[in-house]
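Engineer: Each chain, written out:
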Amino acid sequence: MAGASFPTREEVDFVVVGSGAAGGIVAKELAEAGHSVVQLEQGPHLQAADFRHDEWGTFNNHDLTWSHRQGHPQTFRKTADEVATVRDRVCNYAHNVGGSSLHFSGNYWRLRPIDFMEASVRGTIAGTNFADWPIRYEELEPYYTRVDWEVGVSGLQGPWDPPRSRDYPCPPMPVKGSDVLLERGARALGYTAYPAPVAILSQPHNGRPGCIHCGFCLGFGCEVNAKSSTMITMIPAALASGNYELRTHCTVSRVETDESGRASEVVYFGEDGAEQSQRARAVVLCANGAETPRLLLMSESPRHPDGLANSSGFVGRNLMFNGYSEVTGLFPEPVNAWKSIPATRVVHDWYEIDPAEGFYGGGGIDGRHPVRSGTPMESAIASSMLGGPTWGSEYKARIREEFTHTAAFDGHTTSLPLDSNNITLDPEVRDKWGRPAIRCTYMDHPDDIATMRYFMERSVEMMEAAGALRIHASYPEDGQTNSSHMLGTCRMGDDPSTSVIDRYHRSHDVPNLFLCDGSSLVTSSRGQPTMTIMALAFRAADHINRFAQRNEI
Amino acid sequence: MQRHILSRRELLKSTLEALPRSAIVLSMPAILAACSRSAQNQLDGIGLQLLGSEEAEEFAAIADRIIPPDDTPGAREAGAVHFMDTVLGDQRERELQILRDGLGELQNRANAEFQAASFSILSAEQQDQLLREIENTEFFATIRYLTVAGMFALPAYGGNRDGVGYELIGYDPRPVWQPPFGYYDEDYMNRGGQ
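Residue numbers (the working numbering), protein chains in the order written: chain D, 1 to 553; chain E, 1 to 194.
The following block holds chain D by itself, in its conformation from the complex (with noise of 0.2 Å):
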């Protein structure tokens, strides 16, 4: 289904750019309820039959999520004083329709009701924005409700759950091996594994079918539509409302503005490179927490000189990755967490880490397998990660051992927001088009590294309760230097000195100008924040609609 045609010079009433977690569900809200909407996407539009189990092509190629190979190189520094390089991977996304849900893993934790007022709780932390959110859960509940049926969620309702008005749509996946490990270590222990929350559909639902578990999960696109990414679940219905229309290889420039100081247009290069111009009523920045502070910072102009909607100086700003622990151990018996979907359980013992201990964190400890892919190459690379030699006769016998034999307690953790780790443009790198590339500034805050190690020692317990023959752990401690996290970079907030958009996601400067994507979040989630992205873009989306009936965009 083609959708809608719009000429570019007659004004439609939104440009969606980015079609990814966000801009796949803002898009296809408005769209449904009535307004014209062109969604601006730089990939291509995908589908299922388009995905092979190629890892050479996903992670030496980046065929999807895009390098300096494909002309869109970034730079990456841990410190304002460092000159940036260009590196392979840095802020790390699928360039395609449905973004980063096309590839995700799909961990769909929601936040709860304690992460929207932490700073007010556990106090501020000097040195540092840690803030609270101008929303609370209550407010974003039943958009996480509507993320669980419209997108696609299987789990269970526990005790273990924030409070949730409806159960979800479809029952856990089944456990894996690696997962069974994880509950018995954690029981052992007097911790509690529970089955995780995933955007991987269990079952049958909204006319898709159950997961096949084939294992190419995390990386890849799903080859049966399985996995809830905004490609099969919104575009489809926003190609269908008759009033949306998807542009592809669409690369956006610049949004410009008028003398009143609106969003009139949004300039962009089409696949020949002509670069073209699509007139709006109102703009929504769906790019992404690097992406949307990036084309805001493009967009500076005599009336913008520091980017656009950019008053605080906090456009870029804040980035937080998510941080994370990895602890391998090897068992007896055939694990085979090649096989279905990554995690299928999760302990949230330490959601909030005790400040006896002395520095703030959270997070959680899923099962997996000791590569993330779980795939055959990346498990090869990678083995010997228990010791031993990396090449010849005894290392050949580690690769088949450790690719069938061993489980991963892998942590996923909390980050600081601070005002030394952010986007900004590269003052030499220029991708395929003359952008200037993202120039990403990071170095985790020393509560960050202490929490991923409190999360790496808590897996080598559990590790150990569960009967591992040897273990292999570790944890970036000399700091994190990419992430497929880019999180808080144009933040919400009732102050318009600290912070970019309003808490209906309107930016404080520019008042037609919309921002909904991972740069919207105050805090960093406890390492799974793709569950809350799409919560925030089905409530923006309604207040947008709101604000657009009453003419007040």
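Calculated from the structure, these hints are not laboratory results.
Be careful, since some hints might not be right.
Said to hold, decoys possible - A few chain D residues facing chain E, derived, Cβ under 7 Å:
#, residue
1, 48
2, 50
3, 56
4, 69
5, 156
6, 176
7, 298
8, 335
9, 340
Here a beta-carbon is modelled for each residue, glycine too, at the ideal position from N, C-alpha and C.
On the provided structure of chain D, position chain E as indicated by the hints.
Structural biologist: The following block gives chain E in isolation, referenced to the frame of chain D:
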């Protein structure tokens, strides 16, 4: 951080022998095409687009020490060099140069230490000795990575012929699985979720 924690228990070496062998299901035309080419074990330059046959022979010899043949095929038979030929020709000029420079250095070592014209004619023990001398170089890291990738990547890239890499690790590339997936979840189900 790369911390190794040895638990109190000892590794049961016997686990390796206890692993099941899986049948490989071939479905993709690219795999079948690879099969027809893989009969000859000797590299003679057939099908190579980028690498010369002499350097390819040397790279194959190195690859075969990284993943050696024993009761199952090694990296040479898996077509690791044909994999390298494919991927090095795809925007990887830097890696190709690392391999060529490193090979030249390795040949000099073969000549200096064993008076041999090339690495590939040395005995396995001599080859291992030379590789141990250079195992911390960028050259070795690069060819090690490409060898392993070539053993396990999708066969369409020219390696992993006949799915030998998959068979080695007990990976069955069929697309549909049903629980139980392994020993522990089957045991869990049998005990009613305990």
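Engineer: Is the interface hint satisfied for residue 56 of chain D? The criterion is a beta-carbon contact with chain E at less than 7 Å.
Structural biologist: 4 Å, holds
Engineer: Against chain E, with CB atoms and a cut of 7 Å, does the hint on residue 48 of chain D hold up?
Structural biologist: 12 Å, violated
Engineer: When the nearest CB of chain E is found for residue 69 of chain D, is that gap smaller than 7 Å?
Structural biologist: 6 Å, holds
Engineer: Measuring from the C-beta of residue 176 of chain D to each C-beta in chain E, is the shortest one below 7 Å?
Structural biologist: Hint on residue 176 of chain D: holds, closest Cβ of chain E at ~6 Å, below 7 Å.
Engineer: When the nearest CB of chain E is found for residue 340 of chain D, is that gap smaller than 7 Å?
Structural biologist: 6 Å, holds
Engineer: Grab the minimum C-beta distance from residue 335 of chain D to chain E and call the hint holds if it beats 7 Å, violated otherwise.
Structural biologist: With Cβ-Cβ at 5 Å, under 7 Å, it holds.
Engineer: Grab the minimum C-beta distance from residue 156 of chain D to chain E and call the hint holds if it beats 7 Å, violated otherwise.
Structural biologist: With a closest approach of 12 Å, the residue 156 of chain D hint is violated.
Engineer: Could you check if residue 50 of chain D really has its C-beta closer than 7 Å to a C-beta on chain E?
Structural biologist: Because about 14 Å separates residue 50 of chain D from the closest Cβ in chain E, which is outside the 7 Å limit, the hint is violated.
Engineer: Under the criterion of a CB-CB separation shorter than 7 Å, is residue 298 of chain D in contact with chain E as hinted?
Structural biologist: Because about 27 Å separates residue 298 of chain D from the closest Cβ in chain E, which is outside the 7 Å limit, the hint is violated.
Hints 1, 2, 5, 7, counting from the list given before, are not met by this structure.
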